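Protein chains: 2
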Amino acid sequence: MISKNQLKTLRALGQKKQRKALGLFLVQGEKNVLELVGSNLNTKQIFATSEFLSEHKDLLNGFDCIDASLDELTKASTLKSNNAAIAIVETPNMDVPTAKGTMIALDGVSDPGNLGTIIRVADWYGIKHIIASTDCADPYNPKTISATMGSFARVSVSLVDLPSYLEASNLPVYGAFLEGDSVHQTTFKPEGILLMGSESHGVREAASCYVTDKVTIPSFGGAESLNVAMATGIILDNMKRQHTN
Amino acid sequence: MISKNQLKTLRALGQKKQRKALGLFLVQGEKNVLELVGSNLNTKQIFATSEFLSEHKDLLNGFDCIDASLDELTKASTLKSNNAAIAIVETPNMDVPTAKGTMIALDGVSDPGNLGTIIRVADWYGIKHIIASTDCADPYNPKTISATMGSFARVSVSLVDLPSYLEASNLPVYGAFLEGDSVHQTTFKPEGILLMGSESHGVREAASCYVTDKVTIPSFGGAESLNVAMATGIILDNMKRQHTN
Numbered sequence: 001m002i003s004k005n006q007l008k009t010l011r012a013l014g015q016k017k018q019r020k021a022l023g024l025f026l027v028q029g030e031k032n033v034l035e036l037v038g039s040n041l042n043t044k045q046i047f048a049t050s051e052f053l054s055e056h057k058d059l060l061n062g063f064d065c066i067d068a069s070l071d072e073l074t075k076a077s078t079l080k081s082n083n084a085a086i087a088i089v090e091t092p093n094m095d096v097p098t099a100k101g102t103m104i105a106l107d108g109v110s111d112p113g114n115l116g117t118i119i120r121v122a123d124w125y126g127i128k129h130i131i132a133s134t135d136c137a138d139p140y141n142p143k144t145i146s147a148t149m150g151s152f153a154r155v156s157v158s159l160v161d162l163p164s165y166l167e168a169s170n171l172p173v174y175g176a177f178l179e180g181d182s183v184h185q186t187t188f189k190p191e192g193i194l195l196m197g198s199e200s201h202g203v204r205e206a207a208s209c210y211v212t213d214k215v216t217i218p219s220f221g222g223a224e225s226l227n228v229a230m231a232t233g234i235i236l237d238n239m240k241r242q243h244t245n
Numbered sequence: 001m002i003s004k005n006q007l008k009t010l011r012a013l014g015q016k017k018q019r020k021a022l023g024l025f026l027v028q029g030e031k032n033v034l035e036l037v038g039s040n041l042n043t044k045q046i047f048a049t050s051e052f053l054s055e056h057k058d059l060l061n062g063f064d065c066i067d068a069s070l071d072e073l074t075k076a077s078t079l080k081s082n083n084a085a086i087a088i089v090e091t092p093n094m095d096v097p098t099a100k101g102t103m104i105a106l107d108g109v110s111d112p113g114n115l116g117t118i119i120r121v122a123d124w125y126g127i128k129h130i131i132a133s134t135d136c137a138d139p140y141n142p143k144t145i146s147a148t149m150g151s152f153a154r155v156s157v158s159l160v161d162l163p164s165y166l167e168a169s170n171l172p173v174y175g176a177f178l179e180g181d182s183v184h185q186t187t188f189k190p191e192g193i194l195l196m197g198s199e200s201h202g203v204r205e206a207a208s209c210y211v212t213d214k215v216t217i218p219s220f221g222g223a224e225s226l227n228v229a230m231a232t233g234i235i236l237d238n239m240k241r242q243h244t245n
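Chains as they are written, first to last, in the UniProt record's numbering: chain L, 1 to 245; chain R, 1 to 245.
There's no promise every hint is true.
The list treats identical chains as interchangeable, and a pair is accepted whether it falls inside one copy or across any two copies.
Keeping only pairs whose Cα atoms sit at most 27 Å apart, straight-line, the calculated BS3-like set for lysine-lysine is [stated by the list, open to error]:
#1 214 x 44
#2 80 x 100
#3 143 x 8
#4 44 x 16
#5 17 x 57
#6 100 x 75
#7 214 x 143
These aren't lab readings, by the way, just hints derived from the structure by calculation. Fair warning: this is a prediction, and the values are worked out from it, not measured in the lab.
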């Protein structure tokens, strides 16, 4: 059963301010919680249905697990469905990673669902680090975590002063611009930063001045733009294709 | 002002059953309504703020426009935001297209947001027709239309008996399977059908037996799968790259 105090904490963690004050965040959904328990993150508590707890008994050994009904869990959750398991997790203390290998940099990508989808596709292509401007979506927003489908445990997101980070890096910066060169014809270096802007504002001036190569996805139809997560995935596929075959 | 009867119709069109009975659907949001008025679709009425109506006066000439407050529009809308304009549109009578050129076939893709994102990326790559199994999301669901970002006006979606359609087509069928050959190494023919399954069930047996080539997106990290819309976009990019350079 979820106590009144526990319910209060779970609800509070739906808010960014409370997540920051408590140094905690929520991981919701079966797939995400299973990825969590296999990761290095510090899990404080897991609330789950008795079915989930008994099915994954061995994996959950040593964790502080609280048995709750699906009804209780749905009331505590910030999501409408997929609430058989909810975990409270410590926000990790991470150093900002050195610019190395293939990285993604995000400028003003404020939708948590898009950020989560970008984390998932980054993980697919083996990218370990995402650098994001401080006005990007919160990587610990429950909607972000859900959209990652477990990849939150393998990809770090650091909110930084993006222009300073790009200035200090010695890597080529591939910026996505509608007027860039086709990614089908671009020769990507083995290491580099893929810089994506928001759908409404693109890459802003303060960051765009560090772009070494402007790239675009060639269009053959009428759509004016692609969703930023979709565009990130398509460009990553082109970058990886050149260095793995 | 939106009358009680008009409000009733707008609200009814949030439901699939009512859309079917009335032969009408909703187009919501400024960008989508502007794409609509430039298309061949038959628009019955446009409800919009006076700002929207005066800003686009020339484009809207000849349309039945009703001035409404943003408050009224938000109450009538199925969406939480982006409600400056809402249109009621006649569902077009479409013939199922002949299998020709590059097409997309969807097997059990039931999320309307995913379907809308697939329509948008199809439009980007110049695909005109999508064939979908009858248990796919409704192409006229307001969430589908919103996610297309205007591309609903340029891409047709036909719900059909998918296995029969594939059986009758003379095109190669490229099916997305985790165990397929890498799309980086696949030689795509200039015409063909890209067949995508749902994230949970993949391409089902009844359709998979018509697949001529199993393809996959090579993975370099820990993510187990990609979102179906993302995967569609990445494979389309690989198909188009070979036939346009």
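Taking 27 Å as the upper bound on the Cα-Cα distance, should residue 17 and residue 57 be classified as within, between, both, or neither?
Neither: 34 Å inside a chain and 44 Å across chains, both beyond 27 Å.
Can you tell me if residue 214 and residue 143 fall within 27 Å by alpha carbon in one copy, between copies, both or neither?
neither (31 Å within a copy, 33 Å between copies)
Up to 27 Å CA-CA - residue 100 versus residue 80, copy category
neither (39 Å within a copy, 41 Å between copies)
With identical chains, the pair residue 44 and residue 16 could be close in the same copy or across copies; at 27 Å between alpha carbons, which is it: within, between, both, or neither?
within (18 Å within a copy, 43 Å between copies)
Given identical chains, is residue 214 near residue 44, meaning Cα to Cα at most 27 Å, within a copy, between copies, both, or neither?
So residue 214 and residue 44 fail the 27 Å test inside a copy (44 Å) and across (43 Å) alike.
At most 27 Å between CA atoms: does that hold for residue 143 and residue 8 within a copy, between copies, both, or neither?
within (19 Å within a copy, 32 Å between copies)
Checking residue 100 and residue 75: alpha-carbon separation at most 27 Å within a copy, between copies, both or neither?
Answer is neither; intra-copy 43 Å and inter-copy 50 Å both fail.
Violated hints, listed in ascending order, are 1, 2, 5, 6, 7; each of the other numbered hints is respected by the structure.
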